[in-house]
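Undergrad: Sequence:
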Amino acid sequence: MANYPYMTPGDTSQIAYVRRVDPRTLPEEFREHTKGMTEVYSISGADGQMLAIVDDRKKAFVVARMNEMQPVSVH
130 MANYPYMTPG
140 DTSQIAYVRR
150 VDPRTLPEEF
160 REHTKGMTEV
170 YSISGADGQM
180 LAIVDDRKKA
190 FVVARMNEMQ
200 PVSVH
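Offset between the sequence shown (1-based) and my numbering: plus 129.
Simulated from the structure, these hints should not be mistaken for lab results.
For every residue, glycine included, the Cβ atom is placed at its ideal position computed from N, Cα and C.
Treat the hints loosely; a few may be bogus.
[Stated by the list, open to error] When the alpha-carbon atoms are kept at most 20 angstroms apart in a straight line, the in silico DMTMM-like pairs for lysine to aspartate or glutamate are as follows:
id : residue 1 : residue 2
1  : LYS187    : GLU157
2  : LYS164    : GLU197
3  : LYS188    : ASP151
4  : LYS187    : GLU197
5  : LYS187    : ASP151
6  : LYS164    : ASP176
7  : LYS187    : GLU168
8  : LYS187    : GLU158
[Claimed, not checked] So the derived label-pair ranges between C-beta atoms look like this:
id : residue 1 : residue 2 : range
9  : LYS188    : LYS164    : 25 to 33 angstroms
10 : GLU197    : GLU157    : 29 to 37 angstroms
11 : ASN196    : VAL150    : 27 to 35 angstroms
12 : SER202    : THR154    : 26 to 34 angstroms
13 : ARG153    : GLU197    : 26 to 34 angstroms
Using the sequences and the accompanying hints, generate a full structural model.
TA: Below is the structure:
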């Protein structure tokens, strides 16, 4: 198990936002990688920049943690 950096109160720099996304709403460069998928999950940084797209919610949380980020779910 990896060590995760200590997050001070109010520090959002290591937060990863995970949310379900309709692949049809993604920019063209992402849509070409999601052909045939009915739902995908985006991982975004605190600044809103999309960092990754994966095909499974649990996988999104694992990927965020593997990159030393603290994932939180966004509805």
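Undergrad: Does each hint fit the structure? Answer for all of them.
TA: So, going through the hints one by one against the coordinates:
1. LYS187 - GLU157: 25 angstroms, violated
2. LYS164 - GLU197: Violated - the C-alpha atoms of GLU197 and LYS164 are around 29 angstroms apart, more than 20 angstroms.
3. LYS188 - ASP151: 17 angstroms, holds
4. LYS187 - GLU197: 16 angstroms, holds
5. LYS187 - ASP151: Distance ~17 angstroms between LYS187 and ASP151 Cα, so the pair holds.
6. LYS164 - ASP176: 27 angstroms, violated
7. LYS187 - GLU168: Given that 20 angstroms is the threshold and the Cα spacing comes to 13 angstroms, the pair holds.
8. LYS187 - GLU158: 24 angstroms, violated
9. LYS188 - LYS164: 25 to 33 angstroms: With a Cβ separation near 18 angstroms, LYS188 and LYS164 fall outside 25 to 33 angstroms, so the hint is violated.
10. GLU197 - GLU157: 29 to 37 angstroms: 30 angstroms, holds
11. ASN196 - VAL150: 27 to 35 angstroms: Since the Cβ atoms of ASN196 and VAL150 sit about 19 angstroms apart, the hinted range of 27 to 35 angstroms is violated.
12. SER202 - THR154: 26 to 34 angstroms: Violated, since SER202 and THR154 (Cβ atoms, about 18 angstroms apart) do not stay within the stated range.
13. ARG153 - GLU197: 26 to 34 angstroms: 32 angstroms, holds
In summary, the numbered hints that this structure violates are 1, 2, 6, 8, 9, 11, 12.
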